[in-house]
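Chemist: Chain by chain, the residues run as shown.
2 protein chains.
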Amino acid sequence: VSPLRAALVAVGDELLAGEKVNGNGALLGEQLAATGIPVRAQLVVGDDIDDIAAAVRYAAALAPVVIVCGGLGPTQDDLTREGLALAVGVPLERDPALEQALRERFAALGRTDVPAMNWRQADLPRGATPMANPAGSAPGLLLPFGDRVIYALPGVPRELTALWHAAVAPDLRRRYPSRPVVLRSTLRTVGLWESAVAAALEPEVRRTAGSPQVAFLASGGETRVVVTATGADLAAAQALAAPTLAFARQALGEAVYDGPSLQAEVIALLIAAGATVACAESLTAGMVAARLADVAGASAALRGGVVAYATDLKARLLQVPAAVLAAHGPVSEPTARAMAIGVAASCSATYGLALTGVAGPQHQDGHPPGTVHLAVAGPAGVLTRALTVPGDRAAVRGLATTAALALLRTALRRAGATAT
Amino acid sequence: VSPLRAALVAVGDELLAGEKVNGNGALLGEQLAATGIPVRAQLVVGDDIDDIAAAVRYAAALAPVVIVCGGLGPTQDDLTREGLALAVGVPLERDPALEQALRERFAALGRTDVPAMNWRQADLPRGATPMANPAGSAPGLLLPFGDRVIYALPGVPRELTALWHAAVAPDLRRRYPSRPVVLRSTLRTVGLWESAVAAALEPEVRRTAGSPQVAFLASGGETRVVVTATGADLAAAQALAAPTLAFARQALGEAVYDGPSLQAEVIALLIAAGATVACAESLTAGMVAARLADVAGASAALRGGVVAYATDLKARLLQVPAAVLAAHGPVSEPTARAMAIGVAASCSATYGLALTGVAGPQHQDGHPPGTVHLAVAGPAGVLTRALTVPGDRAAVRGLATTAALALLRTALRRAGATAT
Numbered sequence: 115v116s117p118l119r120a121a122l123v124a125v126g127d128e129l130l131a132g133e134k135v136n137g138n139g140a141l142l143g144e145q146l147a148a149t150g151i152p153v154r155a156q157l158v159v160g161d162d163i164d165d166i167a168a169a170v171r172y173a174a175a176l177a178p179v180v181i182v183c184g185g186l187g188p189t190q191d192d193l194t195r196e197g198l199a200l201a202v203g204v205p206l207e208r209d210p211a212l213e214q215a216l217r218e219r220f221a222a223l224g225r226t227d228v229p230a231m232n233w234r235q236a237d238l239p240r241g242a243t244p245m246a247n248p249a250g251s252a253p254g255l256l257l258p259f260g261d262r263v264i265y266a267l268p269g270v271p272r273e274l275t276a277l278w279h280a281a282v283a284p285d286l287r288r289r290y291p292s293r294p295v296v297l298r299s300t301l302r303t304v305g306l307w308e309s310a311v312a313a314a315l316e317p318e319v320r321r322t323a324g325s326p327q328v329a330f331l332a333s334g335g336e337t338r339v340v341v342t343a344t345g346a347d348l349a350a351a352q353a354l355a356a357p358t359l360a361f362a363r364q365a366l367g368e369a370v371y372d373g374p375s376l377q378a379e380v381i382a383l384l385i386a387a388g389a390t391v392a393c394a395e396s397l398t399a400g401m402v403a404a405r406l407a408d409v410a411g412a413s414a415a416l417r418g419g420v421v422a423y424a425t426d427l428k429a430r431l432l433q434v435p436a437a438v439l440a441a442h443g444p445v446s447e448p449t450a451r452a453m454a455i456g457v458a459a460s461c462s463a464t465y466g467l468a469l470t471g472v473a474g475p476q477h478q479d480g481h482p483p484g485t486v487h488l489a490v491a492g493p494a495g496v497l498t499r500a501l502t503v504p505g506d507r508a509a510v511r512g513l514a515t516t517a518a519l520a521l522l523r524t525a526l527r528r529a530g531a532t533a534t
Numbered sequence: 115v116s117p118l119r120a121a122l123v124a125v126g127d128e129l130l131a132g133e134k135v136n137g138n139g140a141l142l143g144e145q146l147a148a149t150g151i152p153v154r155a156q157l158v159v160g161d162d163i164d165d166i167a168a169a170v171r172y173a174a175a176l177a178p179v180v181i182v183c184g185g186l187g188p189t190q191d192d193l194t195r196e197g198l199a200l201a202v203g204v205p206l207e208r209d210p211a212l213e214q215a216l217r218e219r220f221a222a223l224g225r226t227d228v229p230a231m232n233w234r235q236a237d238l239p240r241g242a243t244p245m246a247n248p249a250g251s252a253p254g255l256l257l258p259f260g261d262r263v264i265y266a267l268p269g270v271p272r273e274l275t276a277l278w279h280a281a282v283a284p285d286l287r288r289r290y291p292s293r294p295v296v297l298r299s300t301l302r303t304v305g306l307w308e309s310a311v312a313a314a315l316e317p318e319v320r321r322t323a324g325s326p327q328v329a330f331l332a333s334g335g336e337t338r339v340v341v342t343a344t345g346a347d348l349a350a351a352q353a354l355a356a357p358t359l360a361f362a363r364q365a366l367g368e369a370v371y372d373g374p375s376l377q378a379e380v381i382a383l384l385i386a387a388g389a390t391v392a393c394a395e396s397l398t399a400g401m402v403a404a405r406l407a408d409v410a411g412a413s414a415a416l417r418g419g420v421v422a423y424a425t426d427l428k429a430r431l432l433q434v435p436a437a438v439l440a441a442h443g444p445v446s447e448p449t450a451r452a453m454a455i456g457v458a459a460s461c462s463a464t465y466g467l468a469l470t471g472v473a474g475p476q477h478q479d480g481h482p483p484g485t486v487h488l489a490v491a492g493p494a495g496v497l498t499r500a501l502t503v504p505g506d507r508a509a510v511r512g513l514a515t516t517a518a519l520a521l522l523r524t525a526l527r528r529a530g531a532t533a534t
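Sequence order for the protein chains is A and B. The first sequence runs 115 to 534 under my numbering. The second sequence runs 115 to 534 under my numbering.
Accuracy of the hints is not assured; some may be wrong.
Because identical chains share one entry, a pair is satisfied inside a single copy or across any pair of copies.
[Stated by the list, open to error] Under the rule of at most 25 Å between Cα atoms (straight-line distance), these lysine to aspartate or glutamate pairs were calculated in the DMTMM-like manner:
no.: 1; residue 1: Lys134; residue 2: Asp227
no.: 2; residue 1: Lys134; residue 2: Asp479
no.: 3; residue 1: Lys134; residue 2: Asp426
no.: 4; residue 1: Lys134; residue 2: Asp209
no.: 5; residue 1: Lys134; residue 2: Asp372
no.: 6; residue 1: Lys134; residue 2: Glu218
no.: 7; residue 1: Lys134; residue 2: Glu207
no.: 8; residue 1: Lys134; residue 2: Glu447
no.: 9; residue 1: Lys134; residue 2: Glu308
no.: 10; residue 1: Lys134; residue 2: Asp237
no.: 11; residue 1: Lys134; residue 2: Glu213
no.: 12; residue 1: Lys134; residue 2: Asp261
It is worth saying that the hints were derived from the structure and are not from the lab. This structure is a prediction, so every number in the text was calculated from the model and none was measured.
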């Protein structure tokens with residue numbers, strides 16, 4: 115079974131210079147994976163007509179569906195229209211309907227004439243169809259190329275997402291109504307090393323011998339199990355993946371979490387338990403509360419918190435006893451414990467979640483960077499965890515944040531909460 | 115002048131499926147740009163020997179320097195070694211020194227035998243030289259390919275960065291001691307739309323006629339001016355860029371900020387003024403304090419803060435008068451003002467920085483998502499700003515964070531602070 119695949123081309127000097135990560139590649143990859151069309155390759159090229167054209171031709175040789183993003187704006191470095199025309203071997207032509215739309219857009223802004231450079235946004239490679247942009251001014255375009263199809267989308271993620279849903283996904287469904295599918299299913303785990311996850315699944319990996327395929331992905335304190343199943347249609351792929359997913363769930367037990375993210379699962383567990391949380395943060399300085407607030411609707415469970423970056427604020431705002439700070443120092447298990455109890459009290463939350471530690475690059479109070487103490491205070495008492503986290507300042511803070519959320523999750527599950 | 119260029123290949127199914135963004139592409143792009151070797155293209159391919167080999171050959175056709183990252187681990191889906199051997203047309207051979215290193219590494223972990231799959235990490239394409247990894251277990255490798263050179267690095271960003279500095283950058287300096295340079299210089303601005311920045315620089319863009327090249331990049335509430343100058347050597351490129359950079363600095367005035375990031379400049383301004391800051395956050399729930407704490411050494415200026423996500427905590431922890439909350443509601447200029455004054459007092463900080471608003475997706479108290487009120491309280495009084503921010507929940511919170519840091523910067527500059 116050879117599934118339909120896609121290849122992506124992102125355009126922009128700033129991506130090559132590392133001033134911006136290619137988030138659109140990930141965004142489109144996720145959308146395409148969810149429709150059963152895996153991405154075979156991503157390319158990034160600069161604002162250069164020849165390089166754009168060569169990348170589009172390479173992409174079209176790799177996959178029948180090509181999605182190009184970026185370079186559709188009005189400025190002189192927006193060259194995707196020209197690159198596509200060169201790749202396909204057609205001229206650029208001004209589209210009267212797009213010209214009219216431009217005139218109307220500027221008239222609506224109270225301007226009688228369109229700036230000269232903006233007319234370029236009315237140009238299309240011959241044979242292309244414009245796709246209306248529901249979220250911005252740059253239209254997308256659809257360009258047939260032999261038995262391939264090229265979609266070009268604006269680089270602004272919000273506009274790209276809007277055009278994907280409004281135009282690209284529906285066109286793909288019409289164009290390829292029935293087709294082989296590659297289904298990628300992910301189980302997320304926290305609290306286990308990648309090697310431990312791999313060892314737990316070894317018998318199943320041996321049994322499946324690559325169908326479905328099982329891969330492990332460690333990142334940011336989490337390990338994901340990715341099961342990839344190919345089938346003649348969606349039902350066949352699902353049937354192939356199901357036993358492996360069931361095996362993994364059984365073998366990994368409590369380490370598996372559901373929901374789109376760890377913070378989403380924690381918020382769901384809190385809401386299910388009718389509980390709330392407040393955070394007392396030192397080295398993470400707000401990252402834990404901010405990650406919980408990523409979840410739409412977090413206000414039902416997140417009370418707030420205190421960032422006690424300066425040591426004296428741990429005493430003043432979190433009621434950490436002076437004797438504890440004097441005897442154990444700010445980076446210690448007793449201080450984390452007192453911070454958790456203090457923040458739950460001062461914010462009237464069911465649970466207090468506290469972090470103290472050393473982000474680096476300097477030692478602090480004799481402790482090396484990566485030293486982290488976590489505590490969760492709740493109705494059943496206080497749960498603490500000490501860890502030594504590898505990496506630089508950003509990595510230490512990120513891993514400490516994930517570990518803190520995982521500890522809160524453990525406390526909630528021990529208390530009997532179940533996310534619904 | 116045709117400068118030396120590089121092409122990057124990242125390997126990993128998880129990148130194609132959008133489970134991870136290609137941060138290594140940005141990381142290497144930035145390092146290469148800083149050494150005057152611009153990246154011509156990035157490619158991402160999956161864990162597939164043929165696709166890796168094809169991507170490496172395509173990259174080598176585009177640029178004399180090829181850097182491959184990822185796929186060097188011990189598991190069955192780490193196939194970069196095999197892909198490189200196929201691309202270059204040489205066999206894989208087990209390296210006795212790497213075998214010995216593996217034995218020693220596992221012995222140091224107290225294990226008498228090396229797991230069977232780990233031996234693969236001792237394999238090298240014929241002609242390759244291993245590069246010791248100062249930060250992890252997977253060695254990198256250097257593989258000559260005709261007049262091209264291929265470097266393969268592990269995908270873990272920390273290990274990749276360590277190997278870049280320890281092995282790749284020194285080897286590039288030795289290999290290409292004197293060469294044409296493309297110098298990319300960036301001026302960062304806050305508080306101006308991209309179109310306003312472009313309009314201010316229009317005369318200079320006309321004058322330079324592409325040499326140096328001037329581009330504008332708007333992202334996350336900031337607009338960057340990127341000046342790209344090509345020269346026979348570094349000094350020539352610098353001389354070409356200098357007048358344009360001077361023009362931009364003059365034309366954009368206070369909007370330009372220096373330092374690696376807005377938060378770094380704010381911390382530097384605070385330290386120079388002998389001042390401190392505390393943050394009172396609602397919709398951002400800790401993001402502003404966390405961003406300030408990104409800066410190593412932030413503890414000299416960041417006291418801490420309060421996350422008052424629940425409305426009652428605005429009164430309880432930040433002393434926002436009940437009358438203000440009753441009359442104006444939590445999302446209002448008077449509440450932001452009172453939060454800023456309250457947090458400066460409770461945290462004993464020179465400046466209090468406050469944010470309140472609606473992240474969405476739901477309306478709150480009749481205000482639509484994107485409604486944001488900012489306030490800075492300091493020795494000279496209170497500065498406020500109201501804004502309406504476009505985008506989804508994540509975008510609103512990100513732009514509100516940037517706008518808050520920009521407002522604090524304005525207050526500090528008006529008070530006469532200069533970063534040194």
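Chemist: Indicate, hint by hint, whether the structure satisfies it.
Modeler: Cross-check of the supplied hints:
1. For the homomeric pair Lys134 and Asp227, neither the shortest alpha-carbon distance inside one copy (34 Å) nor that between copies (44 Å) is at most 25 Å.
2. Taking CA atoms no more than 25 Å apart as the test, Lys134 paired with Asp479 passes in neither setting, with 37 Å inside one copy and 36 Å between copies.
3. In the homo-oligomer, the alpha carbons of Lys134 and Asp426 never lie at most 25 Å apart, since the shortest distance is 38 Å inside one protomer and 39 Å across protomers.
4. Taking the shortest alpha-carbon separations for Lys134 and Asp209, neither the intra-copy value of 32 Å nor the inter-copy value of 38 Å comes in at or below 25 Å.
5. Taking identical chains as interchangeable, the C-alpha atoms of Lys134 and Asp372 lie at most 25 Å apart only when they sit on different chains, with a minimum of 18 Å there against 30 Å within one chain.
6. In the homo-oligomer, the alpha carbons of Lys134 and Glu218 never lie at most 25 Å apart, since the shortest distance is 33 Å inside one protomer and 40 Å across protomers.
7. When the C-alpha separation of Lys134 and Glu207 is checked against a cutoff of 25 Å, the pair qualifies neither within a copy, at 32 Å, nor between copies, at 38 Å.
8. With identical chains, the CA atoms of Lys134 and Glu447 are never at most 25 Å apart, being 39 Å at best within one copy and 34 Å at best between copies.
9. In this assembly of identical chains, the alpha carbons of Lys134 and Glu308 lie at most 25 Å apart only when taken from different copies (16 Å versus 29 Å within one copy).
10. In this assembly of identical chains, the alpha carbons of Lys134 and Asp237 never lie at most 25 Å apart, being 27 Å within a copy and 35 Å across copies at closest.
11. Proximity of Lys134 to Glu213 under the C-alpha cut-off of 25 Å is found in neither arrangement, the shortest distances being 32 Å within a copy and 39 Å between copies.
12. For a Cα distance limit of 25 Å, the shortest separation of Lys134 from Asp261 qualifies neither inside one copy, at 33 Å, nor across copies, at 31 Å.
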